[in-house]
Amino acid sequence: MSLFSFVSIGNADVNFAGKTVTWVVPFKEGGGTSRFARFIQPFLKKYLPGNPDVQIMHIPGGGAIKGSNYFEKNAKADGTFIFGCSTSVIVNVATGNPLVKYNLSEYRPVVLLPQNTHWFTRSDLAEPHDLSKIKERKLVLYALKTPASADLFHIWIYEKLGIKGAKPIPGLSSSGGYQAFLRGEIHLSSHGAANYVKKVKPEIEKGKVVDLMTLGIIGADGSVSRNPLAPNAPTFPEMYEKVNGKKLEGDDLEAYYAIGAAWSQASKAMMLPAGASDEIVKAYRDAAIKMTNDPEFKAKAVKALGPFPLIIGEEAGEIIKKAAVFSDTTKKQLNAALKKHKFTYRVQ
Amino acid sequence: MEQLLAALFQLFEPTHLAFLFAGTLLGLIVGILPGMGGTSGLALVLPFVFTMEPSHALAMMIGVLAPTTTSDTFPAVLMGVPGTAGSQATVMDGFPLSKKGMAARALSAAFSASLLGGIFGAFILSISIYYAIPIIMAFGFGEQFLLVVLALLMVGALTGDNLFKGIASCFLGLIIGSIGTAPITGDPRYTFNTLYLLEGVPLVVVGLGLFAIPEIVGLLDSKGSIAKSLNTKKGWFTGLKDVVKNWFLVLRCSTLGCLVGALPGLGGTVVDWIAYSHLKQTTKDTSQFGKGDIRGVIAPESANNAKEGGALIPTLIFGIPGSGNKVLLLGGFVLIGIEPGLDMVTTNLDLTYLMIWSLAIANILGAGICMGFSSQISKFTLVPYYILAPVMVCLIFFATFNINRDWYDFIGLLSFGIIGITFKNFGWSRPALLIGFFLSSKVELLSYQTQAVYGLSFLSRPVSIILIILCLATIVLLTKQKFDSNYRSDLIKGKLTQIYYIVILLCLPLSMIWFTSSLDYRANLFPISLSVIALSLLVFILIIKIADLKNLSFLNNTFMRFARSNIFEISGNFNNQLFYYFSFIGFLLMNFIFGFPIAAALFINIFILFHNRKAYVSSICISAVLMVILWSLSSLLTLQFPNGLIGLLIDLPWWLGGQLN
Numbered sequence: 001m002s003l004f005s006f007v008s009i010g011n012a013d014v015n016f017a018g019k020t021v022t023w024v025v026p027f028k029e030g031g032g033t034s035r036f037a038r039f040i041q042p043f044l045k046k047y048l049p050g051n052p053d054v055q056i057m058h059i060p061g062g063g064a065i066k067g068s069n070y071f072e073k074n075a076k077a078d079g080t081f082i083f084g085c086s087t088s089v090i091v092n093v094a095t096g097n098p099l100v101k102y103n104l105s106e107y108r109p110v111v112l113l114p115q116n117t118h119w120f121t122r123s124d125l126a127e128p129h130d131l132s133k134i135k136e137r138k139l140v141l142y143a144l145k146t147p148a149s150a151d152l153f154h155i156w157i158y159e160k161l162g163i164k165g166a167k168p169i170p171g172l173s174s175s176g177g178y179q180a181f182l183r184g185e186i187h188l189s190s191h192g193a194a195n196y197v198k199k200v201k202p203e204i205e206k207g208k209v210v211d212l213m214t215l216g217i218i219g220a221d222g223s224v225s226r227n228p229l230a231p232n233a234p235t236f237p238e239m240y241e242k243v244n245g246k247k248l249e250g251d252d253l254e255a256y257y258a259i260g261a262a263w264s265q266a267s268k269a270m271m272l273p274a275g276a277s278d279e280i281v282k283a284y285r286d287a288a289i290k291m292t293n294d295p296e297f298k299a300k301a302v303k304a305l306g307p308f309p310l311i312i313g314e315e316a317g318e319i320i321k322k323a324a325v326f327s328d329t330t331k332k333q334l335n336a337a338l339k340k341h342k343f344t345y346r347v348q
Numbered sequence: 001m002e003q004l005l006a007a008l009f010q011l012f013e014p015t016h017l018a019f020l021f022a023g024t025l026l027g028l029i030v031g032i033l034p035g036m037g038g039t040s041g042l043a044l045v046l047p048f049v050f051t052m053e054p055s056h057a058l059a060m061m062i063g064v065l066a067p068t069t070t071s072d073t074f075p076a077v078l079m080g081v082p083g084t085a086g087s088q089a090t091v092m093d094g095f096p097l098s099k100k101g102m103a104a105r106a107l108s109a110a111f112s113a114s115l116l117g118g119i120f121g122a123f124i125l126s127i128s129i130y131y132a133i134p135i136i137m138a139f140g141f142g143e144q145f146l147l148v149v150l151a152l153l154m155v156g157a158l159t160g161d162n163l164f165k166g167i168a169s170c171f172l173g174l175i176i177g178s179i180g181t182a183p184i185t186g187d188p189r190y191t192f193n194t195l196y197l198l199e200g201v202p203l204v205v206v207g208l209g210l211f212a213i214p215e216i217v218g219l220l221d222s223k224g225s226i227a228k229s230l231n232t233k234k235g236w237f238t239g240l241k242d243v244v245k246n247w248f249l250v251l252r253c254s255t256l257g258c259l260v261g262a263l264p265g266l267g268g269t270v271v272d273w274i275a276y277s278h279l280k281q282t283t284k285d286t287s288q289f290g291k292g293d294i295r296g297v298i299a300p301e302s303a304n305n306a307k308e309g310g311a312l313i314p315t316l317i318f319g320i321p322g323s324g325n326k327v328l329l330l331g332g333f334v335l336i337g338i339e340p341g342l343d344m345v346t347t348n349l350d351l352t353y354l355m356i357w358s359l360a361i362a363n364i365l366g367a368g369i370c371m372g373f374s375s376q377i378s379k380f381t382l383v384p385y386y387i388l389a390p391v392m393v394c395l396i397f398f399a400t401f402n403i404n405r406d407w408y409d410f411i412g413l414l415s416f417g418i419i420g421i422t423f424k425n426f427g428w429s430r431p432a433l434l435i436g437f438f439l440s441s442k443v444e445l446l447s448y449q450t451q452a453v454y455g456l457s458f459l460s461r462p463v464s465i466i467l468i469i470l471c472l473a474t475i476v477l478l479t480k481q482k483f484d485s486n487y488r489s490d491l492i493k494g495k496l497t498q499i500y501y502i503v504i505l506l507c508l509p510l511s512m513i514w515f516t517s518s519l520d521y522r523a524n525l526f527p528i529s530l531s532v533i534a535l536s537l538l539v540f541i542l543i544i545k546i547a548d549l550k551n552l553s554f555l556n557n558t559f560m561r562f563a564r565s566n567i568f569e570i571s572g573n574f575n576n577q578l579f580y581y582f583s584f585i586g587f588l589l590m591n592f593i594f595g596f597p598i599a600a601a602l603f604i605n606i607f608i609l610f611h612n613r614k615a616y617v618s619s620i621c622i623s624a625v626l627m628v629i630l631w632s633l634s635s636l637l638t639l640q641f642p643n644g645l646i647g648l649l650i651d652l653p654w655w656l657g658g659q660l661n
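Each protein sequence line maps, in turn, to chains A and B.
Using our numbering, read the first sequence as starting at 1 and increasing by one per residue.
Using our numbering, read the second sequence as starting at 1 and increasing by one per residue.
Bear in mind the hints are in silico, worked out from the structure with no lab data behind them.
All C-beta atoms in this analysis are idealised placements derived from N, C-alpha and C, irrespective of residue type, glycine included.
Errors might be hidden in some of the hints.
As the list claims (entries may be wrong) - Selected chain B positions facing chain A (in silico; Cβ < 8 Å):
id, residue
1, Pro183
2, Gly337
3, Val345
4, Leu349
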């Protein structure tokens, strides 16, 4: 929790007493973003000036586009509206979905909740942390829900690691994909941190599954460190260097940062609409910092939100911009990978 | 074992018990209303459960499901009308018993048999959970694909009045289910560039439209109150003694119910008949059957409650629903973020146990309430339907709006409503349509996944071969039993309407082919193949219908006689039902103008007064009570009422349909 070392100053100008804050979540109840919002909700009420009621409004549909567009159209910038963002909301923007009407890169992020992806395979297919046997295989099947989602990044990752046999099996959720992996039907699989701990760790301990790598944790200065949940597993940049014999740099590094920002750093986020004043943003950030120091939050956060500390402050805005606006070279790279696997879908 | 007990203790927390109890009450009520069953009941609660914690939501959903097959005995015994599809066989002996003045004996025997069957089902379910992991591991993409396809075929073959109409219903459901984003390429299919169709129609809308609306108009059409007179005073103890005496029959029928329920795709609609015919085959003296033999009540009732536990097995471990209500249950799983499969017997085992206990306790609660308050509950069947119907329509509209707060959902509801009404009247299969709709994306994905991993070799894997044999055997055995009825085509009127109806149905596959033909082959292969199959089935049915109408001679062989049975079907007065259906459209227009609260109050009063001018006291009271219930519900769950045109012009308070905040 060393990230929140700066001291907060109370702000007398902003007061939400007697007001209701509406938190728009563009997903169904029970999903990850909803759980994130529901966990934060009571702390927000406790620490926002004037202790406003915070109500969560779920507007699922259209791959998160419906709720996000609703927020863009209806949110007031006076601090009574906040937005529950997630990787898919960002990917909709980054990949240029024509139905998107929300201007995400102008939003004012308050809190980001990072995530990390783990890759693993069966122990009879490879040594731990070693891709060489996988690369020799003619056919390496993996799960891919749809290319119009963050899963698209898998295609790019396997492409950059030179896994020639990689072939996506469409329409598999991560849970369904993991089941097929355990049945021996697919060869490579991945999970986020929470499910990694819950489902994959036991299989690793039984010796059935071995770690391959993690996406890596990207710091504010761009440095990449290993994931504390699997400290021995190399990060993607390390694996890239080992496989390709050169450091991850140039266009590939740029794409990695963009993917990392969307997929990992801004996995879940709480945002104020564009046009929210600095005072309001500050009041929210102060409340978030107080929240992270709350003993109850400290006791429950790791179980509810995962092991990675929240990102609060100016840094969050930079990450969202990086995640939401892909450069042309990054788009070109992603589209090349899509084309190679005969997908008709393209990043715009 | 520890988890098993932990789940029991969790369930006995007051909040869990309260949700379970609320669900059970609702389940009892929808069970009593003839035709309304678990499917409609679940569709009504789904829009609200997803604001709850998963364990609460599960307790409530199971609470709704479990007792419907207990309370459906009231109308079956008292009036000779099955309360749900699962109690059709109960009517055979239950109603004669009631006519002989032994209603109480029949009811108490039925409730205690239901109770025992239900608990037996929960017990079998909890045992089978222990053996589920190897089964799940043995079912790869290929086996799952076969399982789903075979389940669909079985539903189609067995729930329709006519084999071919049943299977065609299935394919129509599959086609409707393929509307939306193509899963492989992301192309929009048949969406006409609307965001609404891009997502596909919400399951709850389809469920309410197909099941609740046709039943409401059907009952309005049948007029009058549900029951004429009641005599449920004496004989409770005799009924209990009957069950104790026939304990072995209860055990046999419960086992049978569990087994049939566990066959994916079969759960529910035929199990009472199977139990009944098992009883007939194993009894020496069959002279009293159909005239009021108490065993004729005990056998189907124990079987139809035991099937719930059995039917949950494929639902939980494969996500394959055995009946309409399991489709809605799976829809509920999605809403609260539970994925069926391996997780249910590993990481989410606590939730599975919670469901098992809920099932057992809801059965005890349901049977207990039915016995303890039987005279009060049976009075419920005296309420005239013109009073119940508008209230239910308001509830359905309220539930529908709260799925997505989207006006398009009303259009979806009424569209599926008219599909449901015509399907019900003309003898097509609504369960097959619903299950096809629900499983469509699963079938499509599994076919790609199977192809990618196995090619065609999956057909020669041992589990696949067993599955195919099992399925063929079931269909042959059960269709023989089902289609030996004395069908009289010459009694049916309005055959031309039904022929025109097929022509309308033909438009769906034809337009699907037309609109998707320009897409990538990975996006249109599935809908086009389905459409081609559906087209050939529909054309075949059309030919038989025309041949039947003209009485052509080529129908006189065994196969054609079989294909011809129940080819025309009519229930009730179709025009009457259309009239009531149009009154619902009127209600929608009122909503559009006045907003929901005013429209609902108006609709209830107009509807009741139209049927009975003198009933203004009750109409005002009922609309007032309903509004109070809806207001408290909406403030509790932060729900919003549909906002009408008036609400846009004048700033209304929220309880009249204005904006929240």
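Evaluated hints:
no., hint, in the structure
1, Pro183, "holds, 5 Å"
2, Gly337, "holds, 3 Å"
3, Val345, "violated, 11 Å"
4, Leu349, "violated, 12 Å"
Going down the numbered hints, you'll see the structure goes against 3 and 4, while the others check out.
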